[in-house]
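Following the hints, complete the assembly by docking chain B onto the known chain A.
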Amino acid sequence: MSKVRVLVGTKKGAFILTSDGKREKWDVSGPHFAGWEMYHLKGSPVDPNRIYASQTSGWFGQIIQRSDDGGKTWHQPGTPPGETTTPPGMPKGESNKFKYDASPETGKPLTTHQWYDGTQHPWEFKRVWHLEPSLTEPDTVYAGVEDAALFRSSDGGKNWTELPGLRGHGTGPKWQPGAGGMCLHTIILDPSDPGRIYIAISAAGAFRTDDGGHTWKPINRGLKSQYIPDPAAEVGHCVHHVAMNPSRPGVLFMQKHWDVMRSDDAGDNWREISGNLPTDFGFVVDVHSHEPETIYVIPIKSDGEHFVPDGKLRVYRSRTGGNEWEALTNGLPQANCYVNILRDAMAVDSLDECGIYFGTTGGQVYASKDAGDTWNPIVRDLPAVLSVEVQTLA
Amino acid sequence: MIRVILPPHLRTLAHVGSEVSIDVAAPITISTVLDALEVQYPMLRGTIRDHDTLQRRAFLRFFACEEDWSHEPTDKPLPENVASGKEPFFVVGAIAGG
Chain A
0 MSKVRVLVGT KKGAFILTSD GKREKWDVSG PHFAGWEMYH LKGSPVDPNR
50 IYASQTSGWF GQIIQRSDDG GKTWHQPGTP PGETTTPPGM PKGESNKFKY
100 DASPETGKPL TTHQWYDGTQ HPWEFKRVWH LEPSLTEPDT VYAGVEDAAL
150 FRSSDGGKNW TELPGLRGHG TGPKWQPGAG GMCLHTIILD PSDPGRIYIA
200 ISAAGAFRTD DGGHTWKPIN RGLKSQYIPD PAAEVGHCVH HVAMNPSRPG
250 VLFMQKHWDV MRSDDAGDNW REISGNLPTD FGFVVDVHSH EPETIYVIPI
300 KSDGEHFVPD GKLRVYRSRT GGNEWEALTN GLPQANCYVN ILRDAMAVDS
350 LDECGIYFGT TGGQVYASKD AGDTWNPIVR DLPAVLSVEV QTLA
Chain B
0 MIRVILPPHL RTLAHVGSEV SIDVAAPITI STVLDALEVQ YPMLRGTIRD
50 HDTLQRRAFL RFFACEEDWS HEPTDKPLPE NVASGKEPFF VVGAIAGG
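Going down the list, the protein sequences come from chains A and B.
Going left to right, the first sequence walks through residues 0 to 393 as numbering that gives the first Met the number 0 numbers them.
Going left to right, the second sequence walks through residues 0 to 97 as numbering that gives the first Met the number 0 numbers them.
Only chain A is shown next, with the shape it has when bound in the complex:
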């Protein structure tokens, strides 16, 4: 029988929620890495027991954790527990080393981006926001980091190498941090084209490579952002999240700072699909696993008030690929609710009846086993949820 495993990253640890395919009774394990900010956990599509996790702290910096048994045990790649010596030629403790590539071979200085005051500021590594395991190789995983850059490990997270073509393609000096920092938060691997990767950065925009990460181009045509001097600039847009249904890899959905957007040509052009949403500010967007025109967002009141409007927690679903939205409220609080749902905190399973999951800054993780018609909390009182990912297991 199928099983579902929900990986939840919170401000104070990680939690793993498991259920059978009925998705009615849940086991909760955790907190794993108690007290640490767990920005993201994600499992390998080809080896679901291989899970990568980003563990971070303002005091101690970045740690990468890996589980090879579905989250029961964890270790820092390359430095298993109990192994305390460093054999010659085998550097350990490198799995948390994210060093920007400033080599002359890249042909770019790769040194500064725009700071809040308009001056140029050096790139400084702060944390890993998102881990995206390869669709084909369990030992290959991508990391989106702050300050924005894309790294890749091909040895299970032991060593990381930047793909410098992204920062070096030319617009880097115009990127600037949003309120949450200058983070690369979205990584989407195209299942139909191994060379194609989409990424998104706050506040720079969306970018695409078609050659496995060597060269990149901004894909922001059609975005309009009133908070930058040229609202239709090539870069500078605060993209909050991008989602794709694997069956239609050229169709992308975006929740921008304001505006919900859609592209039907792999990001070359975007058009707004906010339609009748009560507000088009928000963070999450996701796509039904079997219906590529069914999409979900959770509107947030405004950029100044990061909570759901009117005290009501409402997921909005469009079955028409945007513009026409319906509020989904059954089982969700409809009074005195003032939570936020952060950009990586929504996910879908791939069971026959698609399950939708999201976590809130109030510590609730809600699940719907009927594509959003009804909702139930799996847990109510976790620390603030930073990320939610779902694994559908055979």
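Any given hint might turn out to be false.
Short derived list, chain B residues pointing at chain A, Cβ under 8 Å [claimed, not checked]:
# : residue
1 : Pro41
2 : Gly45
3 : Phe58
Pair by pair, the computed Cβ-Cβ distance ranges are [as the list claims (entries may be wrong)]:
#  : chain 1 : residue 1 : chain 2 : residue 2 : range
4  : B       : Gln54     : A       : Pro230    : 38 to 48 Å
5  : A       : Asp302    : B       : Ser69     : 36 to 46 Å
6  : B       : Ser30     : A       : Arg247    : 52 to 62 Å
7  : A       : His213    : B       : Pro7      : 37 to 47 Å
8  : B       : Ser69     : A       : Glu323    : 53 to 63 Å
9  : A       : Gln225    : B       : Gln54     : 32 to 42 Å
10 : A       : Asp19     : B       : Glu65     : 52 to 62 Å
These aren't lab readings, by the way, just hints derived from the structure by calculation.
In this text, a Cβ means the ideal position worked out from N, Cα and C, and glycines have one as well.
The following block gives chain B in isolation, referenced to the frame of chain A:
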């Protein structure tokens, strides 16, 4: 043997108790103590000081014999009581945040 006391989160990472003992070749300085600590516990690399610059992470402090050594040169010899193992060298998480 040099005694080092780590903050709780780093004890968890290194799978150790509150205090560890490490062999450190003279001279006994902050740099040589941390070098030896990271060889014995490689999972701590990058958590106390930057991988490349070896700068102390901003929210950590170094104490020895009831003195704050956080801003001392890292190649300055630590007090004799630390070098002899009579007193521990402290890595402390600063009070910051909430």
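Comparing the hints with the structure gives:
Taking 8 Å as the C-beta contact cut-off toward chain A, the hint placing B:Pro41 at the interface holds, the least distance being around 3 Å. Contact between B:Gly45 and chain A, as hinted, is supported at the beta carbon level, the nearest pair being about 5 Å apart and thus within 8 Å. A hinted interface residue such as B:Phe58 counts as satisfied when its beta carbon comes closer than 8 Å to some beta carbon of chain A; here the least separation is about 4 Å, so the hint holds. Distance hint check: the CB atoms of B:Gln54 and A:Pro230 are about 40 Å apart, consistent with the given range 38 to 48 Å.
Distance hint check: the CB atoms of A:Asp302 and B:Ser69 are about 38 Å apart, consistent with the given range 36 to 46 Å. Checked against the hint of 52 to 62 Å, the C-beta distance between B:Ser30 and A:Arg247 comes to roughly 56 Å, which is consistent with it. The hinted range of 37 to 47 Å is satisfied by A:His213 and B:Pro7, whose Cβ atoms lie roughly 43 Å apart. A C-beta distance of roughly 59 Å is found between B:Ser69 and A:Glu323, which places it inside the suggested range of 53 to 63 Å.
The hint said 32 to 42 Å for the Cβ distance between A:Gln225 and B:Gln54, and at roughly 40 Å that hint holds. Remark: the range hint 52 to 62 Å for A:Asp19 to B:Glu65 is upheld by a beta-carbon distance near 58 Å.
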